[in-house]
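Protein chains: 2
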Amino acid sequence: MRLSAYFLPTLKENPAEAQIVSHVLMLRAGLVRQASAGIYSWLPLGHRVLNKISDIVREEQNRSGALEMLMPTIQSAELWEESGRYDGYGKEMLRITDRHERPMLFGPTNEEQITQIVRDNVRSYKDLPLNLYHIQWKFRDEIRPRFGVMRGREFLMKDAYSFDVSVDTARIAYRKMFVAYLRTFERLGLQALPMAADTGPIGGDMSHEFIILAETGESAVYCHRDLIELPAPGDEVSYEDDLTPVIEPYISGYAATDEKHDQAAFEAAVPADKRVEARGIEVGHIFYFATKYSEAMNATVATPDGQNVTLHCGSYGIGVSRLVGAIIEASHDDDGIIWPWSVAPFQVGLINLKIADEGCNTMCEDIYARLTAQGIDVLYDDRDERAGGKFSDMDLIGCPWQAVIGPRGVEAGEVEIKNRATGEKETLPLEAAMDRLVSPPPEKK
Amino acid sequence: MRLSAYFLPTLKENPAEAQIVSHVLMLRAGLVRQASAGIYSWLPLGHRVLNKISDIVREEQNRSGALEMLMPTIQSAELWEESGRYDGYGKEMLRITDRHERPMLFGPTNEEQITQIVRDNVRSYKDLPLNLYHIQWKFRDEIRPRFGVMRGREFLMKDAYSFDVSVDTARIAYRKMFVAYLRTFERLGLQALPMAADTGPIGGDMSHEFIILAETGESAVYCHRDLIELPAPGDEVSYEDDLTPVIEPYISGYAATDEKHDQAAFEAAVPADKRVEARGIEVGHIFYFATKYSEAMNATVATPDGQNVTLHCGSYGIGVSRLVGAIIEASHDDDGIIWPWSVAPFQVGLINLKIADEGCNTMCEDIYARLTAQGIDVLYDDRDERAGGKFSDMDLIGCPWQAVIGPRGVEAGEVEIKNRATGEKETLPLEAAMDRLVSPPPEKK
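Residue numbers (UniProt numbering), protein chains in the order written: chain A, 1 to 445; chain B, 1 to 445.
The following block holds chain A by itself, in its conformation from the complex (with noise of 0.2 Å):
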């Protein structure tokens, strides 16, 4: 993409409104701008970050056999009355009347929703198990929505939801999320660490938030180190095996946020070397709930013999807009926003120093179009501006690489490549900077 032709508004200062980091980068990076009250409008550089957060999470569901589909964000009282959610889900739900004075909703989740779908088209146990997700935008009309898109009002969720005939065949629907959603946030370029979550009534041990660790976290986080440097199920890990050794080593140890956390058990269960604590922000949560909506609903299924067994169910969340936020919040310095490689917006940041030198347009044009032939993303920065702002605007939006031409590196065939996250220059002749060019660049030592 070249800026020259892209809306890209940076701002300099920061502004007023944005109290965290990663809502003072996102509105000076032109990711997003507030429309009211916890409702952004995603810019193209923020939509992009969406996108391929998006499309990083359904790729994992969809190996995990999970089924896309899309659910409305309208959706009836009448479904919320029939599972007794309707008046206790309080004022964040956003409640609607049509012109016919039918009460609607702004869906918050989706369980009701699809339950129905499940109840009305599914009818033998042959047809499941089922998992169908979809990535829509959610309304919960937070009392006081902050923190730009962390804590927004109108957000993008994916939401998955399990059916099954019993909390056996339940479980194994659990586990498998539980190692979408590892392989999911390793993908994003981030350390999630599963944490044992509250299962209220329905008891059980099936329902976990997974934390990413950010100095600015809002939770406080207890673990033994052994789980942070665990890395997630490689691509060899086949769903239709037995998950339950795969999984082992990410629960077995203690691991709890603020709320479940007691200092006795941790020092007892982690030696001192080992105890981790940190701060961190919660990005999905998975949970089995049972027969709580089914059985509200009368979501059965009929079984080998002929009788109806009602469906044994589990959700599984991921906040997507919250994430880019959250991203930001574990990667980011003074300078701006830290992309991982497979998320960022542009991989590249192609800087012409001298818009006005055709040496420089030349070369320029010539790295831009071999890497986007590559399929690299590449922001040409083809702007008759400052050398200075260009660098900072660069910094700011957070390409991993950089590449910066100028007349005397045209003049000697060479680009100044940058690591944005390690800050680390290179000179390097043309075409062994584009060897560097279409792959990460090396972590932070």
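I should point out that these hints are in silico values taken from the structure, not numbers from a laboratory.
Treat the hints with care, since some could be wrong.
Heads up, the list lumps identical chains together, so a pair's fine if it works in one copy or across two of them.
Stated by the list, open to error - Pairs of lysine to any residue residues, derived as SDA-like cross-links and limited to a Cα-Cα distance of at most 20 Å, are as follows:
no., residue 1, residue 2
1, Lys12, Arg386
2, Lys12, Pro440
3, Lys354, Glu59
4, Lys91, Thr199
5, Lys260, Gln19
6, Lys12, His100
7, Lys390, Asp127
8, Lys126, Pro245
9, Lys52, Gln136
10, Lys12, Asp384
11, Lys91, Asp226
Computed from a predicted structure; not experimentally measured.
Given the coordinates of chain A, work out where chain B should sit on it, guided by the hints.
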């Protein structure tokens, strides 16, 4: 995708609630289910089609230089008061009051919102031209929603908005969208005819509807046969060039819907043997509305000589969810849907006639793996069902190719392939069949 692990609830009977063929077939083929009046859930099969259409729309918008972003669904009423449309919009606008008693609404369109963004973030003529689009759900509270997704309340629309410093540059933006639309509809497998549309108080000649031909269309259409036979501009078209001569053939002949039709002018302009009278469905609309919103909302930029100029704007819509219905209206037969190759949820339906037969399974798995590796979307019917049900389901959902594998074929090393559109069947050696299945089937003669 293996049908045994998919969610595809087909219906044998025509649902009473559906009045038109696309609605009947979308329900029967398991593409959608109604959530409430005029609001639909997109099941996995329908969601695939919606995505394929969106992707083609997106690619052609991007190619023309338009930039994708994403505005939220919920808007503040204040914005609409600024433009003067809040009171006038009437009951089709879904009005909402949030928990703080602030008046909000579910966006039926986005002129106000995008004008605000451009006003607040674009200061100089140097940042123009700009064409920003999004593909987002809209809501219009139709008094009588009907015809399924063809006239729903919650619907997916691509809406683009162009911003220019003058009517002359706005005309360039308009022509780009005109060409992008011709290309988009052709790629969707549709014949879309541009028809001059009302400009109201704006005046001028920059308003066109794009109408696709379908026997069951809502409007009568009158045009010169040559218009129907004109191919869309090819890949060689450059959006940097003057597009006037590219567009000329599409706007020079007689073409009108019943709203603007003048029989005498039609007969004078078109020789009798070239007159086409048909039915059509509106699927797109492009419209230059000058300074209508920018003036009310004070959206200006500085010109080179330091003056402020009010922005000249156009809007460009494509009904993405409506297109799913419109394509079916244009392409079906008594047995079901006939998808164009480019938007088919699966291009090949692979039918295993005897899943108890190892030879059948081996051949099916082989074909499935090889086609998938070549990027073909295959729906593999591996269910333990009778052949008759498999055939009728596959006809209903309308994959362009069917490949049928039975024990006799396996023995002979042969596959029966069926062209869904023509009904033509051929029995071919495996390798010859494989070669056929990776390309669109020949069209009806």
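Evaluated hints:
1. Lys12 x Arg386: This pair counts as within: shortest intra-copy Cα distance 14 Å, inter-copy 68 Å.
2. Lys12 x Pro440: Classified as neither: same-chain Cα gap 28 Å, cross-chain 53 Å, threshold 20 Å.
3. Lys354 x Glu59: neither (41 Å within a copy, 32 Å between copies)
4. Lys91 x Thr199: So Lys91 and Thr199 fail the 20 Å test inside a copy (23 Å) and across (44 Å) alike.
5. Lys260 x Gln19: For Lys260 and Gln19, neither the intra-copy (27 Å) nor the inter-copy (56 Å) Cα distance is at most 20 Å.
6. Lys12 x His100: neither (49 Å within a copy, 33 Å between copies)
7. Lys390 x Asp127: between (57 Å within a copy, 16 Å between copies)
8. Lys126 x Pro245: neither (27 Å within a copy, 60 Å between copies)
9. Lys52 x Gln136: both (15 Å within a copy, 17 Å between copies)
10. Lys12 x Asp384: within (18 Å within a copy, 64 Å between copies)
11. Lys91 x Asp226: Intra 42 Å, inter 59 Å, cutoff 20 Å: neither.
Checked against the numbered hints above, the structure violates hints 2, 3, 4, 5, 6, 8 and 11; every other hint is satisfied.
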